[in-house]
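Enquirer: Below, each chain spelled out in residue letters.
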Amino acid sequence: MLEDKLLLWKFKHGSSEALERIYDKYETYLITVATALLNNTHAAEDVLHDFFISFVESADNIKLNGNLKAYLATCVANLARNQIKRRQLEPIALDENDPIAPAILEPDAVAIQEEETAILNQAMSQLPYEQREIIVLHLQVNLKFTQIAELRSTSVNTIRSRYRYGMDKLRSLLNSEVIK
Amino acid sequence: MKSLKHIQKIVAKFNVKPRSEMRSKVLNEALQIQRKRNQQGVSDTCKWRIIMKTRRTRFAAAVIIGFVVLLPLAYGAAKIVKHFFVDDITVIVKNSDKINTEQDARNAIQEFGKLYREGKAKEVKPGVWAVTLSNGEEFAYSGDNPEWAGLSLDEKNKLLKAQNDEIQKLRETGDFERTFIKEVEENGVKIRLYEDQFTLSSGKVVKMTFGEEQPPK
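Which chain is which? The protein sequence lines are Y and X, in order. Position one of the first sequence corresponds to residue 1 (this note's numbering), numbered consecutively onward. Position one of the second sequence corresponds to residue 181 (this note's numbering), numbered consecutively onward.
Check before you lean on any hint, since a few could be wrong.
Residues from chain X shown here face chain Y by an in silico Cβ test under 7 angstroms; the list is partial [as the list claims (entries may be wrong)]:
#: 1; residue: 188
#: 2; residue: 194
#: 3; residue: 195
#: 4; residue: 196
#: 5; residue: 210
#: 6; residue: 213
#: 7; residue: 214
#: 8; residue: 304
#: 9; residue: 308
#: 10; residue: 342
#: 11; residue: 344
#: 12; residue: 347
#: 13; residue: 385
#: 14; residue: 390
Computed cross-link-like contacts, DSBU-like style, restricted to lysine-lysine with a CA-CA straight-line distance of at most 30 angstroms [said to hold, decoys possible]:
#: 15; chain 1: Y; residue 1: 5; chain 2: X; residue 2: 338
#: 16; chain 1: X; residue 1: 341; chain 2: Y; residue 2: 10
#: 17; chain 1: Y; residue 1: 63; chain 2: X; residue 2: 341
#: 18; chain 1: X; residue 1: 370; chain 2: X; residue 2: 197
Worth flagging that the hints you see were computed from the coordinates, not collected in a lab. Note that beta-carbon positions come from the ideal geometry of N, C-alpha and C, so glycine has one too.
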């Protein structure tokens, strides 16, 4: 989108308004990606924080070939992956008193979506990280398998297999709704 | 039994609402870093030269301008005496014995902002607002967003978020004016540039520029 290109151009030239606009436009999306990957809201917030700091610090070096949204989500995914490797995070189940709030919805829909969100989050947490990451990158960040393969320096067939195994396990978990 | 397609849909629609504190926590720090980088970087004069260098960027200049000048009301011809840089604002002090330090300049900015938000500023020229400060000094402000003068970053963020939410609602209801600016070509693709103008409930007019790629004939 040209709006994103203009925003990025203004941001790289030091516009604080452009930075605020980028943040407001993509905050929900990026925290969603990070939470889906890490299943831990505090860790997801840390990743979002770290990402924006490094985004500003490396403004001069940003070279965008594709779209801004995918670029931001890929950076967040990379940081999430680093965090998993560094901390060997144990995904925590959602606290009933601190649910992951879905975006704006009618009250009944909120109740339903909160439950679905909690169940989905729990099921995702039981997948190996590589499978979870591919599912998130493909279904939420809308990357193709070829793009994910290039990002992770692995073959497309490996990516497809991990995706398939991940989705099979997810389906099995969601259909049985087995929550450990 | 949930099908694969249904599960793909659930995952794609998974959506998390960030905590409200996140915006001020993350953005404040990012903006501070950006400000420091800007101060260490190219001067405003050089920035103008860079902005005006190419035909393409000349158009974008109007939407980039963000620097603000505050000056005591001798904004006619007068010799510049002092120069302060307070947050994002350049204060040029001419013929004043009441603004001598950065704190004086800061106080003047805060008072200007307060008076503006109370509706006590007068637009003496398009885009130039003047007030009389409590110390009797006449102050003029030239630039965008005078309503933000003197606000803390949190206050400014709240105001900006409310403004962005209102713009989004106006866009969804189609309650805005679109003006065609011109057509440009980029890498062989024709792009029509438009400006959308939103009139907020406060009376403030916000303009946003964007472009639409034209399909090849």
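Enquirer: Each hint should be assessed against the structure and marked as holding or not.
Expert: Status of each hint after checking the structure:
Because the closest C-beta pair between residue 188 of chain X and chain Y is about 6 angstroms apart, less than 7 angstroms, the hint holds. Annotation: interface hint on residue 194 of chain X holds; nearest CB of chain Y at approximately 6 angstroms, less than 7 angstroms. This hint holds: residue 195 of chain X has a C-beta 5 angstroms from the nearest C-beta of chain Y, less than the 7 angstroms allowed. A hinted interface residue such as residue 196 of chain X counts as satisfied when its beta carbon comes closer than 7 angstroms to some beta carbon of chain Y; here the least separation is about 4 angstroms, so the hint holds.
Interface hint status for residue 210 of chain X: upheld, as the beta-carbon distance to the closest one in chain Y is roughly 5 angstroms, under 7 angstroms. A least Cβ separation of about 5 angstroms between residue 213 of chain X and chain Y falls short of the 7 angstroms threshold, and the interface hint therefore holds. The interface hint given for residue 214 of chain X holds, since its Cβ lies 5 angstroms from the closest Cβ of chain Y, which is under the 7 angstroms cut-off. At about 25 angstroms, the closest approach between the beta carbon of residue 304 of chain X and any beta carbon in chain Y exceeds 7 angstroms, and the interface hint on this residue is violated.
Interface restraint check for residue 308 of chain X: the shortest CB-CB distance to chain Y comes to about 20 angstroms, outside 7 angstroms, so the restraint is violated. Restraint check, residue 342 of chain X versus chain Y: the minimum CB separation of about 11 angstroms is more than 7 angstroms; hint violated. The beta carbon of residue 344 of chain X is positioned within 7 angstroms of a beta carbon in chain Y (closest approach about 5 angstroms), and the interface hint is therefore held. Given the 7 angstroms rule on beta carbons, the hint for residue 347 of chain X is violated: about 10 angstroms separates it from the nearest Cβ of chain Y.
Checking residue 385 of chain X against chain Y by beta carbon gives a least distance of about 15 angstroms; that is not within 7 angstroms, so the hint is violated. Checking residue 390 of chain X against chain Y: minimum C-beta separation of about 4 angstroms stays under 7 angstroms; hint holds. Annotation: proposed proximity of residue 5 of chain Y to residue 338 of chain X holds, straight-line Cα distance about 26 angstroms (limit 30 angstroms). Using a Cα cut-off of 30 angstroms, the hinted pair residue 341 of chain X and residue 10 of chain Y holds, with the two alpha carbons roughly 19 angstroms apart.
Using a Cα cut-off of 30 angstroms, the hinted pair residue 63 of chain Y and residue 341 of chain X holds, with the two alpha carbons roughly 28 angstroms apart. Taken as a hint, the residue 370 of chain X and residue 197 of chain X pair is broken in the structure, with Cα atoms around 38 angstroms apart against an allowance of 30 angstroms.
Comparing the model with each numbered hint stated earlier shows that hints 8, 9, 10, 12, 13, 18 do not hold.
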